[in-house]
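K.L.:
Given next are the chains, with one letter for each unit.
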Amino acid sequence: MEIILLLFVFVLAAFLGFELISKVPSQLHTPLMSGSNAISGITIVGALLASGHQDFGGMAKWFGFVGLILATINVVGGYLVTDRMLGMFKSKK
Amino acid sequence: MEQFINISYIVASVLFIFGIKMLGSADTARKGNALSAGGMLLAIVVTLLKQGIVDFPMIAIGLLIGAVIGGFWAKKVQMTGMPELVALFNGFGGLASVMVGWAEFQRISASGVAGTAVTYTAIVLAVLIGGITFTGSLIAYLKLSGKMGGKATTFGGQKLLNLLLFVILVIAGIITSMNGNYGAFIAVLFVALLLGVLGVIPIGGGDMPVVIALLNSLSGLAASAAGFAINNNVLVVAGCLVGASGLILSTIMCKAMNRTLGNVLFGSFGAAAGGGAGAKVEGEMKPVSVQDAYYVLEAAQSVVFVPGYGMAVAQAQHAVKELGEILEKNGAEVRHAIHPVAGRMPGHMNVLLAEADVPYEQLTEMDDVNPIMSTVDVAIVIGANDVVNPAAVEDETSPIYGMPIINVHEAKTVFALKRGEGAGFSGLVNTLFFRPSTRMLYGDAKETVTSLIAEFKD
Numbered sequence: 001m002e003i004i005l006l007l008f009v010f011v012l013a014a015f016l017g018f019e020l021i022s023k024v025p026s027q028l029h030t031p032l033m034s035g036s037n038a039i040s041g042i043t044i045v046g047a048l049l050a051s052g053h054q055d056f057g058g059m060a061k062w063f064g065f066v067g068l069i070l071a072t073i074n075v076v077g078g079y080l081v082t083d084r085m086l087g088m089f090k091s092k093k
Numbered sequence: 094m095e096q097f098i099n100i101s102y103i104v105a106s107v108l109f110i111f112g113i114k115m116l117g118s119a120d121t122a123r124k125g126n127a128l129s130a131g132g133m134l135l136a137i138v139v140t141l142l143k144q145g146i147v148d149f150p151m152i153a154i155g156l157l158i159g160a161v162i163g164g165f166w167a168k169k170v171q172m173t174g175m176p177e178l179v180a181l182f183n184g185f186g187g188l189a190s191v192m193v194g195w196a197e198f199q200r201i202s203a204s205g206v207a208g209t210a211v212t213y214t215a216i217v218l219a220v221l222i223g224g225i226t227f228t229g230s231l232i233a234y235l236k237l238s239g240k241m242g243g244k245a246t247t248f249g250g251q252k253l254l255n256l257l258l259f260v261i262l263v264i265a266g267i268i269t270s271m272n273g274n275y276g277a278f279i280a281v282l283f284v285a286l287l288l289g290v291l292g293v294i295p296i297g298g299g300d301m302p303v304v305i306a307l308l309n310s311l312s313g314l315a316a317s318a319a320g321f322a323i324n325n326n327v328l329v330v331a332g333c334l335v336g337a338s339g340l341i342l343s344t345i346m347c348k349a350m351n352r353t354l355g356n357v358l359f360g361s362f363g364a365a366a367g368g369g370a371g372a373k374v375e376g377e378m379k380p381v382s383v384q385d386a387y388y389v390l391e392a393a394q395s396v397v398f399v400p401g402y403g404m405a406v407a408q409a410q411h412a413v414k415e416l417g418e419i420l421e422k423n424g425a426e427v428r429h430a431i432h433p434v435a436g437r438m439p440g441h442m443n444v445l446l447a448e449a450d451v452p453y454e455q456l457t458e459m460d461d462v463n464p465i466m467s468t469v470d471v472a473i474v475i476g477a478n479d480v481v482n483p484a485a486v487e488d489e490t491s492p493i494y495g496m497p498i499i500n501v502h503e504a505k506t507v508f509a510l511k512r513g514e515g516a517g518f519s520g521l522v523n524t525l526f527f528r529p530s531t532r533m534l535y536g537d538a539k540e541t542v543t544s545l546i547a548e549f550k551d
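The listed protein sequences derive, respectively, from chains H and U. With our numbering, letter number 16 in the first sequence gets 16, and the count goes up by one each step, no holes. Just so we're on the same page, our numbering is the position in the second sequence counted from 1, plus 93.
What the hints contain is simulated information worked out from the structure, not anything from laboratory work. By construction, the Cβ of each residue, glycine as well, lies at the ideal position given by its N, Cα and C atoms. Any given hint could turn out to be false.
Stated by the list, open to error - The calculated DSSO-like cross-link candidates involving lysine-lysine, where the alpha carbons are at most 27 Å apart (straight line), are:
#1 U/Lys539 <-> U/Lys168
#2 U/Lys422 <-> U/Lys539
#3 H/Lys23 <-> U/Lys348
#4 U/Lys168 <-> U/Lys252
#5 U/Lys252 <-> U/Lys169
#6 U/Lys348 <-> U/Lys379
#7 U/Lys244 <-> U/Lys114
#8 H/Lys23 <-> U/Lys114
#9 U/Lys505 <-> U/Lys422
#10 U/Lys124 <-> H/Lys23
#11 U/Lys114 <-> U/Lys168
#12 H/Lys61 <-> U/Lys252
Said to hold, decoys possible - Covered stretches of chain U (chain H as the covering partner; in silico rule of three or more C-beta atoms under 8 Å from a C-beta of chain H):
#13 110-121
#14 401-407
#15 485-492
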């Protein structure tokens with residue numbers, strides 16, 4: 001049942017994603033991409049569990065640890081760089 | 094507590110949705126990014142509350158290392174280096190999903206209790222998509238940063254090799270899904286990493302906007318697959334949102350080149366240099382001196398800059414902005430016309446010009462500038478090539494026929510700033526340069542613009 005629920009959520013999210021950004025002005029393409037790239041770093045939640053949860057030990061824990069570092073780079077770097085970019089998009093007048 | 098965590102995940106998902114939505118409009122974009130960052134923080138914090146999380150030192154060290162590296166790069170990067178940084182971050186996200194999938198697989202293998210076919214399949218997908226994203230992004234990074242040639246690289250038997258790898262992948266994937274065989278799992282990982290390399294190598298530099306957008310989409314899907322593997326709804330939702338929005342961005346880019354996604358990925362465009370270069374070009378390329386160009390510009394009432402990747406390479410954006418200001422003071426109307434696929438990343442030129450403080454109002458989209466092009470006195474093409482090639486509208490035999498372009502050939506005078514006489518990335522001859530109204534300004538774009546500024550100041 002769990003898997004059906006997740007699939008259900010997945011399909012709905014896909015449609016939502018398509019609807020959300022049907023029309024984006026091209027000057028925002030880069031920030032949109034790097035901003036959504038930061039969101040894909042959500043895999044950090046999985047990495048947190050793998051590196052800190054008691055069920056994970058030995059090698060599995062270390063895989064999680066590597067994943068945690070990488071995902072954190074993706075998340076922190078992604079959000080900061082997007083913010084920096086958008087900060088420059090100020091209108092002058 | 095489990096309830097509370099799941100509700101918080103829902104809130105985080107909502108914040109992501111609003112964040113993406115707000116990123117789509119100029120006034121709200123920055124706030125949107127902050128909202129989605131808030132969602133991420135919430136998801137991270139409540140995950141730490143989960144029962145069974147014991148090793149906080151390990152987590153703290155991982156977060157610290159990642160935050161320092163990511164923060165440092167984000168602060169340090171030049172705007173011209175933005176495409177490769179986004180590619181790199183994207184690759185790390187993909188590899189992170191691989192590691193999450195691998196950790197789960199390792200945990201199941203070590204526990205001695207076999208996992209379900211559903212879990213194994215999800216793990217295979219996470220590792221497969223994440224692996225392709227990782228090496229694909231890495232190759233894109235190398236190409237974009239110039240550490241590797243931007244040209245499309247092809248070799249004999251490439252298609253056959255890809256097919257062979259695909260067959261191995263399917264077999265290894267099925268075996269892994271059925272019984273969690275470790276060897277088959279490693280085979281999946283290995284083939285995925287190889288496919289990422291082989292998939293991006295044959296794609297030329299000019300097609301990079303599509304590739305980056307697509308890899309971005311894949312990194313989201315990898316996270317989503319990892320979510321299925323560990324039964325986590327926020328991963329599924331957030332990953333899928335990114336997957337869908339990235340796919341849309343890729344198709345927008347493809348449309349701007351009048352090509353299909355399949356053609357970009359498998360067409361090896363730009364490898365067959367000049368193949369079917371179209372009709373013979375009449376006329377010749379006529380150079381002009383900076384001084385003569387100055388006289389024309391001085392009299393111009395309306396000027397349009399058309400930047401391309403060459404402007405990024407020459408780092409000419411600040412000089413361009415200064416020239417634009419001088420022209421405005423001189424009474425001319427100044428615009429910057431930006432083609433959707435100019436540069437190496439979606440929206441690349443906008444980022445550069447924004448960095449140079451060019452007012453937002455002067456940045457004009459292709460569809461808005463084309464109708465008024467015939468009233469423009471001078472169009473200054475700076476390191477752009479295929480996006481202003483009139484062959485795309487006139488020559489039916491041209492490989493780029495049908496691609497929407499900025500119609501600079503309709504302007505009264507065109508100045509083309511160009512390093513030399515060579516063709517663009519696609520290897521196509523640009524008939525614009527041979528037009529009677531076009532004058533060539535050879536040399537480094539930044540130097541040329543700077544000497545034009547000097548002429549005005551004298």
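K.L.:
All the hints need checking, so say for each whether the structure fits it.
P.N.:
We went through each hint and held it up to the structure:
Among the hinted pairs, lysine 539 of chain U with lysine 168 of chain U is consistent with the structure: their alpha-carbon atoms are about 25 Å apart, no more than 27 Å. Among the hinted pairs, lysine 422 of chain U with lysine 539 of chain U is consistent with the structure: their alpha-carbon atoms are about 21 Å apart, no more than 27 Å. Our distance criterion of 27 Å between C-alpha atoms is met by lysine 23 of chain H and lysine 348 of chain U, whose separation comes to about 13 Å. Distance hint between lysine 168 of chain U and lysine 252 of chain U is unfulfilled; the C-alpha atoms sit about 41 Å from each other, more than 27 Å.
A distance of roughly 40 Å separates the Cα atoms of lysine 252 of chain U and lysine 169 of chain U; the hinted pair therefore is violated under the 27 Å criterion. Between lysine 348 of chain U and lysine 379 of chain U the alpha-carbon distance is near 33 Å, which puts this suggested pair outside the 27 Å criterion. At most 27 Å may separate the alpha-carbon atoms for a hinted pair to count; lysine 244 of chain U and lysine 114 of chain U exceed this at roughly 35 Å. Taken as a hint, the lysine 23 of chain H and lysine 114 of chain U pair is honoured in the structure, with Cα atoms around 10 Å apart against an allowance of 27 Å.
For the suggested pair lysine 505 of chain U and lysine 422 of chain U, the alpha carbons sit about 21 Å apart, so the restraint of at most 27 Å is met. Restraint check for lysine 124 of chain U and lysine 23 of chain H: satisfied, since their Cα atoms lie roughly 19 Å apart, inside the 27 Å limit. Pair hint lysine 114 of chain U plus lysine 168 of chain U holds up; C-alpha atoms about 25 Å apart against a cutoff of 27 Å. For a cut-off of 27 Å, the pair hint linking lysine 61 of chain H to lysine 252 of chain U is broken: about 38 Å separates their Cα positions.
Evaluation of the coverage hint for the segment 110-121 of chain U: fulfilled, as 8 residues show C-beta separations to chain H shorter than 8 Å, against a requirement of three. Chain H is given as covering the segment 401-407 of chain U, and this is violated because 0 residues of the stretch bring a CB closer than 8 Å to a CB of that chain, at least three being needed. Interface restraint, the segment 485-492 of chain U with chain H: violated (0 residues with C-beta to C-beta distance below 8 Å; minimum three).
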